[in-house]
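Asks: Sequence:
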Amino acid sequence: MRTFAGSGPLVIGGQAGIAAVHLASRGIVADITNTDFPHVPERISGLIDLAYNLWWSWNPAVKMVFKNISPQAWVESIHNPVKMLRELPEEILINASNNTLYLRHYDLVMARFRQEMNQKNSWFTEHFPESRGLSIAYFSAEYGLQHSLPFYAGGLGFLAGDHLKESSDLGLPLVAVGFMYSEGYLHQHIGADGWQADINELLNRDAAPIKRVMYNHDTQLVARVPFIDPPIYVAVWRVDVGNIPLYLLDT
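For the record, in the sequence shown the residue sitting at position 180 is 193 according to the working numbering, with numbers rising by one throughout.
Note that these hints are calculated values from the structure, not bench results.
Certain hints may be false.
The calculated EDC-like cross-link candidates involving lysine to aspartate or glutamate, where the alpha carbons are at most 20 Å apart (straight line), are [said to hold, decoys possible]: (1) 133 to 253; (2) 133 to 143; (3) 76 to 155; (4) 178 to 143; (5) 178 to 62; (6) 224 to 62; (7) 224 to 263; (8) 80 to 55; (9) 76 to 62; (10) 80 to 62; (11) 133 to 182; (12) 178 to 155; (13) 76 to 120; (14) 178 to 129; (15) 224 to 103; (16) 178 to 139; (17) 80 to 104; (18) 224 to 206; (19) 224 to 155; (20) 80 to 100; (21) 80 to 103; (22) 224 to 100; (23) 76 to 182; (24) 133 to 89.
Computed from a predicted model, the values in this text were never measured in an experiment.
Please model the entire structure based on the sequences and the hints provided.
Replies: Here it is in structure tokens:
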């Protein structure tokens, strides 16, 4: 395997997705910090990490920590906490950070979140102690996860998404791999002529719970697929599904 640097991202040649996964799991995930959300008060800054982990999406009580800030904004964001946090006025967030009742709920949610993300013992380690430290590669062309990531997915894609969520709860050491789709589902309407019209909407990655995987702090990880002319370059992104990392390959 060769590596070389150019004016753009570092390019790493290897065997298709396997090299990307091997390197991505050792790469640096781009940090999302308070500097990306300067209007979020320090007291409730844990919402940023929580918004970028889909663990909240299958825990109804956790969803409420976002909805209770502004039910209207929650609906308008289509239940996308990253988009909601980016667009909320600072005044509303400050009010939440000074609300004793809200902070009580927030602290309970964040304590549970930290506990889940740092769990050492799980169903998997209890039943398969000899497999501690191993990883399981999970490949799917589709993942149906949540509205904030409207990747195309049929029935099997939603099954794959549910596999990741359940694996996180059980402590299975999955490393999931899929594709980064720029477009997801169609928006359909009936035109004045009575015919159905389709509208494609590009995924706004700045308003989605997805992070770049970096080779270093300022260079995104890119894999080169060999034996193809012209060559194909694959950037790597990461979605956190509870404790399960999902690496998405982007051409």
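Asks: Against this structure, judge whether each hint is valid.
Replies: Structure-based check of each hint:
1. Restraint check: the Cα-Cα separation between residue 133 and residue 253 comes to about 18 Å, which is no more than 20 Å; the hinted pair holds.
2. For the given pair, residue 133 sits about 14 Å from residue 143 by alpha-carbon distance, which is consistent with the 20 Å threshold.
3. With a CA separation close to 24 Å, the supplied pair residue 76 and residue 155 exceeds the 20 Å bound.
4. Annotation: proposed proximity of residue 178 to residue 143 is violated, straight-line Cα distance about 23 Å (limit 20 Å).
5. A hinted pair counts as satisfied when its Cα atoms are at most 20 Å apart, and residue 178 with residue 62 qualifies at roughly 17 Å.
6. Distance hint between residue 224 and residue 62 is fulfilled; the C-alpha atoms sit about 11 Å from each other, no more than 20 Å.
7. Taken as a hint, the residue 224 and residue 263 pair is honoured in the structure, with Cα atoms around 12 Å apart against an allowance of 20 Å.
8. Of the pairs offered as hints, the one joining residue 80 and residue 55 holds, with about 19 Å between alpha carbons and a cut-off of 20 Å not exceeded.
9. For the suggested pair residue 76 and residue 62, the alpha carbons sit about 14 Å apart, so the restraint of at most 20 Å is met.
10. Among the hinted pairs, residue 80 with residue 62 is consistent with the structure: their alpha-carbon atoms are about 16 Å apart, no more than 20 Å.
11. Proposed proximity of residue 133 and residue 182 is supported: the alpha carbons are some 12 Å apart, at most 20 Å.
12. At most 20 Å may separate the alpha-carbon atoms for a hinted pair to count; residue 178 and residue 155 meet this at roughly 15 Å.
13. Among the hinted pairs, residue 76 with residue 120 is consistent with the structure: their alpha-carbon atoms are about 14 Å apart, no more than 20 Å.
14. This hinted pair checks out: residue 178 and residue 129 have alpha carbons roughly 12 Å apart, not beyond 20 Å.
15. For the hint linking residue 224 to residue 103, the alpha-carbon distance of about 24 Å lies beyond 20 Å, and the restraint is violated.
16. Pair hint residue 178 plus residue 139 holds up; C-alpha atoms about 19 Å apart against a cutoff of 20 Å.
17. With a CA separation close to 16 Å, the supplied pair residue 80 and residue 104 stays within the 20 Å bound.
18. The suggested pairing of residue 224 with residue 206 is violated, with an alpha-carbon distance near 42 Å, which exceeds 20 Å.
19. Taken as a hint, the residue 224 and residue 155 pair is honoured in the structure, with Cα atoms around 18 Å apart against an allowance of 20 Å.
20. Restraint check for residue 80 and residue 100: satisfied, since their Cα atoms lie roughly 14 Å apart, inside the 20 Å limit.
21. Distance restraint check for residue 80 and residue 103: the Cα-Cα separation of roughly 16 Å lies within the 20 Å cut-off, and the hinted pair is therefore satisfied.
22. For the suggested pair residue 224 and residue 100, the alpha carbons sit about 19 Å apart, so the restraint of at most 20 Å is met.
23. Proximity of residue 76 to residue 182 is assessed by CA-CA distance (about 17 Å); at most 20 Å being required, the pair is judged to hold.
24. Annotation: proposed proximity of residue 133 to residue 89 is violated, straight-line Cα distance about 38 Å (limit 20 Å).
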